[in-house]
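Protein chains in written order, with this note's numbering: chain A, 1 to 255; chain B, 1001 to 1361; chain C, 2001 to 2291.
The set of hints was computed from the structure by calculation and includes no laboratory data.
Please note: incorrect hints may appear among the correct ones.
Unchecked claim - Calculated lysine-lysine pairs in the DSS-like style (CA-CA distance at most 30 Å, straight line):
| no. | chain 1 | residue 1 | chain 2 | residue 2 |
| --- | --- | --- | --- | --- |
| 1 | B | Lys1332 | A | Lys147 |
| 2 | C | Lys2164 | C | Lys2187 |
| 3 | B | Lys1006 | A | Lys169 |
| 4 | A | Lys147 | B | Lys1153 |
| 5 | A | Lys108 | B | Lys1006 |
| 6 | A | Lys230 | A | Lys199 |
What the hints assert, rightly or not - Partial list, derived from the structure: chain B residues whose beta carbon lies under 8 Å from chain C:
| no. | residue |
| --- | --- |
| 7 | Ala1070 |
| 8 | Leu1120 |
| 9 | Asp1138 |
| 10 | Val1301 |
| 11 | Gly1305 |
| 12 | Leu1306 |
| 13 | Gly1309 |
| 14 | Leu1315 |
| 15 | Leu1320 |
| 16 | Pro1341 |
Backbone N, C-alpha and C fix where the C-beta goes; we use that ideal spot for every residue, glycine too.
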Amino acid sequence: MSLLEINNATLKFGGVVAVNDLSFSVEEGEVYAIVGPNGAGKSTAFNLISRFYEPFAGTFTFDGNNLLERDADQVADLGIARTFQNIELFEHATVLQNLLVGRHRHRKTTLLEEMFFTPRVRREEERHREAVEEVIDFLDLQPYRNKMIAGLPYGVRKVVELGRALASKPRLLLLDEPASGLSVEETQDMRWWIDDIRKQMGITVLMVEHDMGLVSGVSDRVLALADGAKLAEGTPAEVQANPAVIEAYLGAGAV
Amino acid sequence: MRIHFKTSYHHDIRLFPDRWTLCVYGALLALAFALPYLIGEFYLGEVTNVLIWAIAGLGLMLLTGQTGQASLGHAAFLAIGCYANTILIEQGVPFIIAFPLAGVITGFVGLLIAIPVLRLHGIYLAIATIALSVLADDIIVLTEHWSGGVSGKFPEMITIFGFEIERWSMPSRFYYLVLVVTIICTLFYRNLLRSPLGRAFAAVRDSEVSATAMGVHIARTKGKAFGLSCMITGWAGALMGYYAGTFNNETFSLVISITLLMMIVIGGLGSIHGAFFGAVVVAFLPQALSILKDNVVGSGVAIPGLETGVFGLILIMFILFEPMGIYGRWLKIRTWFELFPFARKDMFRRQKSYLKTERLR
Amino acid sequence: MEVLQLLVSGLANGCVYGLIALGFVLIYKATEAVNFAQGDFMMIGAFVSLGLTNAEHMNLPFWVAAPLTISIMAVFGYLLDLFVLRHLFGQNQTAVVILTIAMGFVLRFIAGIIWGHEPQTLESPLALGDLHIGGVVLGMADVAIIVVTFLLTWFLYQFFQRTKLGLAMQAASQNQMAAYFMGIPVKRVQGLIWGLSGATAAVAGILFASKGAIDPNAGLLGIKAFAAAVIGGFGSLPGALAGGLIVGVIEPFAARYLAAGYSQIAPYALLLAVLIFRPHGLFSQVRVKKV
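Okay, chain A solo, but in the shape it has when bound:
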């Protein structure tokens, strides 16, 4: 059974069909990329998985759980973490605090315990901190640990957002354009990290990305979307060679 299985998902905004009868599945341990021109419904698909949008039709199953029975805030509890296209960090908090929010789903203490900061809360905090420090080491975020997000450069924010998602120790990581706005070197780093996330941490990655270099470098399988529907699916090389994909990207007559 696949880790994430989406069948016949459909979503309309007013008269516009954003996602049209879309089906795909992500296997445990793979890196699965979704590509497509702007407005193809890539981010919408992510928002459907995150339960920010309610689909008109379709089934969403994650590890045997029906996602449609969950609210948006319960998705994280299943072990799905994500990043956003236009970075959504907690601006007025430090990098450390941002990463610690990623640990939210692992908290065990109650309001009363936290008010009195009982030894149990202290132990839990240290445990969370250790988990976060692993992520900091992994992503080389040490210099920024106690810096406010509001003062950080774009590239670092992108990494912090990845770190926040990793801190929650997810089984499935959704990356919404992880390389957009990054320099060539930063994109290269991102590539190694995605590789390591899969290999070292054993986390399945589902990503939306425009940078075909990154996509063909890290992904096992690629899904090409156009107008909310599936255009092609296969290995990066197969999808890139698909005439329909070339046409959607470069326009009719390019083939």
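We have chain A already, so just place chains B and C on it with the hints.
Then chains B and C, alone, in the frame of chain A:
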């Protein structure tokens, strides 16, 4: 410049980052406890007033500074705390139980109100809470049977296991009571900030979308913030009742709500220090102004609206030139001295930002 | 007959709330912020017209003073934006809310120093005479308020729907950065809208002062106008007027038919009910954030 050598994660979790800070706050606490022996009764009363406002400020700060929900109706919760405490004591409940209970009751009322109100965003929330503040006045009049209505109530003398406390005849005992409550509230606040709930508050404040994606339940978190905020505010209200000696439907007016919100903005949103700095301004501004007025236009001349007008002007100046409030200014000055002579002017420069509406059409 | 009389006086009051609410909506439409000092703008407008018109002050003819007041308030609004609000450009709404509340305090204080705290009346030609239609007595001022309010609402509505500047103002509110890149001078547009809301406040002030006495605390009427704006939905001009009328009409009826003490509650209770059941007003806008 101080350099911290951290050898365990515990260093980041404990209340004071280093020994120096511990000493500073320890000295401050010692000074606070020695205060009744150092200054006269009048000024002790004023300091008590500062502390009571600071407690109320902490209450609102938790909601506005940490969770990002502006409330213009917190006077209503001061009132609930005050009336709950007084009525409980009138019913024969001892102070040591009635007082904490009054806060808890206020917190629960706040939670009940929060459920529908916190679905609202930004200005809608502000307006709903204004309505709450206006309604509180009318409701107190309508429930005259319990509340005493327009003629008001007089809180009874506090007795804790036979130990008597009264604001006028024994100001230093009352001061100690307020001081202890202040310390407890500050500790609660600090503890929440360094635990998962406090971070969830900040997450809700800064980005509801990604907070949700990280598993934070927005409504529940806001509800908790509202409840806790109201609980602390309720305690401040009960103390305010004792401090004033008498209160009625007009004691906790909309102006108090607004003053409270302005106070934490002037002090510095999102910091414990801010609540205390703001309280100092609120408590001492009327005195300073009346002294100034007596010297300029002579005593006996009443200038209505002077206090609120000047207070408003101070607030406008802060929002325009120092949005981080007094605490922000304090941080800048401290950093300048710590780094001397290496501080640069643009170290605290604000980022350019554009408003992006959450409205679709 | 009594019902009709209550209804008419309610409508006239409601129009004043509606006029203040129009000011809220104007600024909300263009900047996504709310001017909590709009009621105090109206109070200042009333006092300016009083200062220009009344015999003991400037003693100008009313029909000269009225347009002059409107221009003065428009300039006042523009300058306020230029020197104060522009500094908050791009900051969140809460900062603007708190700033404008503080501004209200300051305006009330200044008005008190200049014009004193005794209630004063405007020597307005509108204040003379009553109309008797059937058994209903209508003050001329009431009629004028109702007519002017409806005309102004229609005019502003057309302005936002039809003119380029009106559309630019709406665009500027929805995404400042995008509007900026599209060549809309966002900051100047914001200044103009503050001027426009100042002018609207002046109209409200002149009409209000024609109807009864004013003092520096008259601006607190703004709180009821909030209720009006929320009930109508913050983004809609006709909604603001409708909300004003609803609040205006409820008040006299509540005072007549409800027990004392409950009548003041009525507008706020309605406000809370609307906020709970239709959080974005009766003429609502959808609010979903895109990620």
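Evaluation of the provided hints:
A threshold of 30 Å between alpha carbons decides the hint, and for B/Lys1332 with A/Lys147 the separation of about 16 Å falls inside it, so the pair holds. Between C/Lys2164 and C/Lys2187, the direct Cα distance comes to roughly 16 Å. Compliance with the 30 Å bound is thereby established for this hinted pair. A hinted pair counts as satisfied when its Cα atoms are at most 30 Å apart, and B/Lys1006 with A/Lys169 qualifies at roughly 26 Å. Between the alpha carbons of A/Lys147 and B/Lys1153 the distance comes to roughly 51 Å, so the proposed pair goes past 30 Å and is violated.
Note on A/Lys108 and B/Lys1006: the hinted pairing holds, with a Cα-Cα distance of about 26 Å set against a maximum of 30 Å. Only pairs whose Cα atoms come within 30 Å are accepted, and A/Lys230 paired with A/Lys199 is accepted, the gap being roughly 28 Å. Checking B/Ala1070 against chain C: minimum C-beta separation of about 5 Å stays under 8 Å; hint holds. Because the closest C-beta pair between B/Leu1120 and chain C is about 6 Å apart, less than 8 Å, the hint holds.
Satisfaction of the interface hint for B/Asp1138 is found here, the shortest Cβ-Cβ separation to chain C being roughly 5 Å, below the 8 Å cut-off. With a cut of 8 Å, the hint placing B/Val1301 at the interface with chain C is violated, because the nearest CB-to-CB distance is about 12 Å. Using the Cβ-Cβ criterion of 8 Å, the hint placing B/Gly1305 at the interface with chain C is satisfied: the shortest such distance is roughly 4 Å. Proximity of B/Leu1306 to chain C holds as hinted, the smallest CB-CB distance being about 7 Å (cut-off 8 Å).
A hinted interface residue such as B/Gly1309 counts as satisfied when its beta carbon comes closer than 8 Å to some beta carbon of chain C; here the least separation is about 3 Å, so the hint holds. The beta carbon of B/Leu1315 comes within 4 Å of a beta carbon in chain C, closer than 8 Å, and the hint placing it at the interface holds. For the restraint placing B/Leu1320 at the interface with chain C, the shortest Cβ-Cβ distance is roughly 5 Å, inside the 8 Å limit, so the hint holds. The beta carbon of B/Pro1341 is not positioned within 8 Å of any beta carbon in chain C (closest approach about 30 Å), and the interface hint is therefore violated.
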